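Student: In case you want the letters, here they are:
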Amino acid sequence: MHDLTPITALGGSAARSDTIAGLTLTERPDVALASVAARLGQETATRAAVGTLIGTEAPGPGHLAGGEVRAFWIGPDQWMIEAPFATHENIATILRAVTGPAASVTEQTDAWTRFDLSGEDLVPVLELLSNLDHRRMASGHATRTTIHHLGCYLVRSAANTASIYGPRASAGSLHHAILGAMGAGL
Amino acid sequence: MKDTSAEGDVRQIEPASPGQPNRLPGGRLDRATTLPFTFDGKAYSGHPGDTLASALLANGVRLMGRSFKYHRPRGPLTAGSEEPNALVELRSGARREPNTRATTAELYHGLVATSQNRWPSLRFDAMAINDRLSPFLTAGFYYKTFMWPASFWEKLYEPIIRRAAGLGALSMKPDPDEYDKGFKHCDLLVIGSGPAGMMAALTAGRSGADVILADEDFEMGGRLLSETFSIADQSGADWAAQTVAELSSLPNVRLMPRTTIIGAFDHGIYGAVERLGDHLAQPAQGTPRQVLWRLTTKRTILAAGATERPIVFNNNDRPGIMGAAALRTYANRFAVTAAPRVAIFTCNDDGHRSAADLHAKGVKIAAVIDTRPDAPRATDYEVLAGAKVTDTRGRLGLTFAEIALADGAARTIEVGALGMAGGWNPNVHLTCHQRGRPVWDDAIAAFVPGGTLPPGMVVAGAAAGALSTHGALSQGAEAASAAVSELGNRTDPDNLPEAEDAPVAQTPFWYVTGADRAWLDQQNDVTVKDVKLSHREGFRAVEHLKRYTTLGMATDQGKTSNMAGLAIMAELAGKTIPGLGTTMFRPPYTPVPIATFAGRIKGRAFHPTRLTPSHYWAKEQGAVFVEVGNWLRAQWFPEPGETHWRQSVDREVAATRASVGICDCTTLGKIDVQGTDAAVFLNLIYANGFAKLPVGRVRYGLMLREDGIALDDGTAARLAEDHFIVTTTTANAGKVYQHMEFVRQCLVPDLDVQLISTTEAWAQYAVAGPNSRALLRKVVDPAFDISNEGFPFMACGEVTICGGLRARLFRISFSGELAYELAVPARYGDALMRRLMAAGQDFDVTPYGTEALGVMRIEKGHVAGNELNGTTTAANLGLGRMVSKKKDCIGSILSERDGLNAPDDLRLVGLKPVDPSAKITAGGHLMATDGPVDAAHDQGYVTSAAFSPTMGSMIGLAFLRRGADRLGERLRLVSPLTDLTVEVEICSAHFVDPEGVRLRA
Chain F
1 MHDLTPITAL GGSAARSDTI AGLTLTERPD VALASVAARL GQETATRAAV GTLIGTEAPG
61 PGHLAGGEVR AFWIGPDQWM IEAPFATHEN IATILRAVTG PAASVTEQTD AWTRFDLSGE
121 DLVPVLELLS NLDHRRMASG HATRTTIHHL GCYLVRSAAN TASIYGPRAS AGSLHHAILG
181 AMGAGL
Chain W
10001 MKDTSAEGDV RQIEPASPGQ PNRLPGGRLD RATTLPFTFD GKAYSGHPGD TLASALLANG
10061 VRLMGRSFKY HRPRGPLTAG SEEPNALVEL RSGARREPNT RATTAELYHG LVATSQNRWP
10121 SLRFDAMAIN DRLSPFLTAG FYYKTFMWPA SFWEKLYEPI IRRAAGLGAL SMKPDPDEYD
10181 KGFKHCDLLV IGSGPAGMMA ALTAGRSGAD VILADEDFEM GGRLLSETFS IADQSGADWA
10241 AQTVAELSSL PNVRLMPRTT IIGAFDHGIY GAVERLGDHL AQPAQGTPRQ VLWRLTTKRT
10301 ILAAGATERP IVFNNNDRPG IMGAAALRTY ANRFAVTAAP RVAIFTCNDD GHRSAADLHA
10361 KGVKIAAVID TRPDAPRATD YEVLAGAKVT DTRGRLGLTF AEIALADGAA RTIEVGALGM
10421 AGGWNPNVHL TCHQRGRPVW DDAIAAFVPG GTLPPGMVVA GAAAGALSTH GALSQGAEAA
10481 SAAVSELGNR TDPDNLPEAE DAPVAQTPFW YVTGADRAWL DQQNDVTVKD VKLSHREGFR
10541 AVEHLKRYTT LGMATDQGKT SNMAGLAIMA ELAGKTIPGL GTTMFRPPYT PVPIATFAGR
10601 IKGRAFHPTR LTPSHYWAKE QGAVFVEVGN WLRAQWFPEP GETHWRQSVD REVAATRASV
10661 GICDCTTLGK IDVQGTDAAV FLNLIYANGF AKLPVGRVRY GLMLREDGIA LDDGTAARLA
10721 EDHFIVTTTT ANAGKVYQHM EFVRQCLVPD LDVQLISTTE AWAQYAVAGP NSRALLRKVV
10781 DPAFDISNEG FPFMACGEVT ICGGLRARLF RISFSGELAY ELAVPARYGD ALMRRLMAAG
10841 QDFDVTPYGT EALGVMRIEK GHVAGNELNG TTTAANLGLG RMVSKKKDCI GSILSERDGL
10901 NAPDDLRLVG LKPVDPSAKI TAGGHLMATD GPVDAAHDQG YVTSAAFSPT MGSMIGLAFL
10961 RRGADRLGER LRLVSPLTDL TVEVEICSAH FVDPEGVRLR A
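So the protein lines, in turn, are chains F and W. Residue numbering for the first sequence is 1 to 186, as defined by the working numbering. Residue numbering for the second sequence is 10001 to 11001, as defined by the working numbering.
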């Protein structure tokens, strides 16, 4: 077991959480992430492997599916797989064991930072951040969007929760932008 | 209301609010609440529901500003956002906002307003001398007057003119308020909440469509709030309130009052400015004062209404002379009259409606002056048919109007306000934002929306030329039914309420013959005389007229002035108004603070930053950071006693070359390339061959653009048969990834290759210097052989460090030393940097920044962004042989173009000064030691320069004609801009270890 101590994307030793006006924003370093992309001609096999990994059918464009291990669609025959970091730190190896040579698997855990925004009505906050039709984005939707000039993924896992994936190196800027929108009081 | 017949000529108006002599009964005010405010330091009071203009008028204040050029006294012309005159500075201190329209500023408790463009005071303005000098200040006077000497223009004339003419002043302090930007989507956007917009929103809302109703006013209802006629057996205002209540109850309808739609953009996108805090002394903490919304719509109904046009006559700009419908608005909605005695000057029936409404409120109508000989009669006041207003009097406000009667006789009447009813112009502005041109409608003598509207937009109500209430309601309902049925919703066709419906005809009457000192554009002080001058001097096209006279160029964009200007020019040019055409309307519809466009994107949040994994550690060390794109990179690490950056950088270079240094190179782009055809793909992307690169090896690669110019350089490491990691330069990471995706998806979709960026996933550190291996041995787990034999130059592999953490090790060198790059998952980057620094104490390990990195790569002769400057070929870079002709690659063929292969092409060389103390500057050009210094004799240019601690002098990299053949030659380095001339000697670009012994050690 190595002895290097990780820091979160915001530079802390523990996940940061902020509550403003009844809304909570929480840093989520406890998820591992990897991309799974079908190799040429292996689309069906990859889709099946993703289904096996998440315990349900692989999600289509704009969607999220699964439970503790879940997947969201990020491109044609391409998914991002999310799993608990504690059990899946070595996520690429774990996934590759299931996909075999049908897919290209790339560790993405620290390419991104995840922030969970939760509260009763997220739409007024999300409308200040991203140009998606947030009133129509139901639970189970996941898509790419731009927030504060940053390419992000917005994952609606529940009606009162939105997971925002942004580039890890810009975690501070993204966090600042989300907090600003939370405090706008709209 | 009092019986008017028994009163004398000047009736007293019962003040409905104490201290507000011109306050009338009724209106849409909350009289239970009194709001104190000040104007030019004097205290007044008004009520919620007032604008600043209505409250000032209620207090008997007509004079609110001075004009732009002649400093003429001015009061409000309108009661809305089209206002040209009543511009004030609102608020004080850092919140002071100039050029705010008093007619739209919502009154709040403690509002502070100040008049502008006057000195020393509004009532006595010394600059009013300009009005006496008007013969010299005609259109274009400064082009003619201040011609000589030319140098005086910028230093003398312009500052004087700017001070004398103009509007309000900025506070010059940072704006303390927040602004924001956001996005909303809807099926149907309805712009304007008058009868047409209200009916459209109601029709669509009841059908279940997703509707946004936006209006610039703080109360919804538009013109209905200003009128007295009824809809469905109740007052228009009551119907509006009832409809607003119903719309508010519908979850699918969003009401956006205080929201101006400022522009119609592509694909159904509209810009909207919502004023959340302008009616408050200051916005709540964190809440933006204004939000700029981007509205994405499927359909849009423009129900922007119409603007009443003034009539032009001599001295038509005195405070108290206003739009007749504005007087009606002030009376009916704001319960205010501009003066106790009012006359109306009209050319249509609408002027009589103003007279009747004012009379009903108890205002004395001195006369209705109707230009038409067949003017309708009135029983309560005198109507002068076939008469015209020829001139007015009153120093700081209207006192008398002079009238030419139908029989030619003159009459002077004493009035404090004069309403001008010149007819209505549909507000077509937003229909023109995508170059649509309005068309002329003879029935109402006005421009109406043309055939080419922004896609998805329909126009309803007065904006479309339907000037009756019934017409507005029915057009609004029809437009909404059509829009929602296209979107799959059904509407109830029989829900139209009853309203007045008389055919509206407008006979144009633009100006009174003989008028000269008669204002067209009150905001820019453009008179009839100026238009005549423009015509006489040949500026007759409508766009020339605008530029020469500045007609319609001010913050009101000519909403009240353009038509009369066109009419006069058309008459002079012997054309019709549609024959003359219109100028182009562009966004924004009304002025928008720059801060609103910026939103939160200001100061440190102007753009997102990217922090390296060692950022927090570097900050602790006192590193000096530099922005590289969005990245913040450590530039150098000052140590105690170092007072100049060169001391730090020289030390970092020397220490690295002597022992070992560490640099965070996470910012280099990392692209994960996988697939059975990954090697074939890279063989195509890179100019040099990659197909045969063995697993566990790295190769330097050069990418070309399609046109044969160098795109980027970097390395590709082969971790497995079907797995590579491509690195790019920091600056080109995004561009190269984009290029590779384009090639993959569009050029070779039949190859099995998958790409994804992993730049930020891995913290990567360069460990460079003769002791780098020794240092790495202290962190890399012993199971991995990193000896020179086991892990030679250009080796790569997956390893574990510090007892089991997965890592990647590459033996590559940018510095020219024995060097490695070690990568770990980014969350461990901070810990790894601390570990390497601790473990390296035995070797006096030094962190180094981008400056030392740059010095060492120049010493080694490695190219970077300065050399890959978008104009250079592989041959220019001295890498011509890398473009393999044994295979195809992107850019290979076009790199063989004649133009890129001349005998005297540029080649990369090194430079050193003949005098070691002399300076070499990047950007300098190379000339022969004797002879002229000019472009014709240019032999090349310097791309990179640095002081080399290793060489003990400055050195440089340069592109020189036939450079490869000229080693040892002496040239002159010149920089005429910095007045530099230095004799230099041409040498190899590889100053340090040209044989590459060190990096293979």
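No wet-lab data here; the hints were simulated from the structure. The structure displayed is predicted, hence computed values, not measured ones. Check the hints yourself; a few may be wrong.
If you want the ones that stay clear, here's a sample from chain W, every Cβ over 10 Å from chain F, calculated [said to hold, decoys possible]:
| # | residue |
| --- | --- |
| 1 | PRO10340 |
| 2 | ASP10516 |
| 3 | ASP10722 |
| 4 | GLU10760 |
Covered stretches of chain F (chain W as the covering partner; in silico rule of three or more C-beta atoms under 8 Å from a C-beta of chain W) [as the list claims (entries may be wrong)]:
| # | region |
| --- | --- |
| 5 | 1–13 |
| 6 | 28–37 |
| 7 | 47–56 |
| 8 | 64–73 |
| 9 | 145–159 |
| 10 | 175–186 |
The calculated SDA-like cross-link candidates involving lysine to any residue, where the alpha carbons are at most 20 Å apart (straight line), are [to be verified]:
| # | chain 1 | residue 1 | chain 2 | residue 2 |
| --- | --- | --- | --- | --- |
| 11 | W | LYS10778 | F | GLY183 |
| 12 | W | LYS10619 | F | LEU150 |
| 13 | W | LYS10602 | F | GLY183 |
| 14 | W | LYS10181 | F | HIS141 |
| 15 | W | LYS10532 | W | LYS10181 |
| 16 | W | LYS10181 | F | ALA45 |
| 17 | W | LYS10181 | F | HIS176 |
| 18 | W | LYS10735 | F | GLY11 |
| 19 | W | LYS10181 | F | MET1 |
| 20 | W | LYS10619 | F | GLY11 |
| 21 | W | LYS10602 | W | VAL10592 |
| 22 | W | LYS10181 | F | HIS2 |
| 23 | W | LYS10735 | F | GLY151 |
| 24 | W | LYS10619 | F | HIS149 |
| 25 | W | LYS10602 | W | GLN10621 |
| 26 | W | LYS10602 | F | ILE7 |
| 27 | W | LYS10778 | F | PRO84 |
| 28 | W | LYS10912 | W | ALA10964 |
The beta carbon of each residue, even a glycine, is placed where N, CA and C say it ideally should be.
Student: Evaluate each hint against the coordinates.
Tutor: Right, here's what the structure says about each hint:
no., hint, result
1, PRO10340, "holds (45 Å)"
2, ASP10516, "holds (53 Å)"
3, ASP10722, "violated (8 Å)"
4, GLU10760, "violated (5 Å)"
5, 1–13, "holds (count 10)"
6, 28–37, "holds (count 3)"
7, 47–56, "violated (count 0)"
8, 64–73, "violated (count 0)"
9, 145–159, "holds (count 3)"
10, 175–186, "holds (count 8)"
11, W/LYS10778 with F/GLY183, "violated (48 Å)"
12, W/LYS10619 with F/LEU150, "violated (24 Å)"
13, W/LYS10602 with F/GLY183, "holds (17 Å)"
14, W/LYS10181 with F/HIS141, "violated (24 Å)"
15, W/LYS10532 with W/LYS10181, "violated (45 Å)"
16, W/LYS10181 with F/ALA45, "violated (44 Å)"
17, W/LYS10181 with F/HIS176, "holds (15 Å)"
18, W/LYS10735 with F/GLY11, "violated (28 Å)"
19, W/LYS10181 with F/MET1, "violated (48 Å)"
20, W/LYS10619 with F/GLY11, "holds (12 Å)"
21, W/LYS10602 with W/VAL10592, "holds (17 Å)"
22, W/LYS10181 with F/HIS2, "violated (46 Å)"
23, W/LYS10735 with F/GLY151, "holds (15 Å)"
24, W/LYS10619 with F/HIS149, "violated (25 Å)"
25, W/LYS10602 with W/GLN10621, "violated (28 Å)"
26, W/LYS10602 with F/ILE7, "violated (29 Å)"
27, W/LYS10778 with F/PRO84, "violated (32 Å)"
28, W/LYS10912 with W/ALA10964, "holds (15 Å)"
Checked against the numbered hints above, the structure breaks hints 3, 4, 7, 8, 11, 12, 14, 15, 16, 18, 19, 22, 24, 25, 26, 27 and satisfies the rest.
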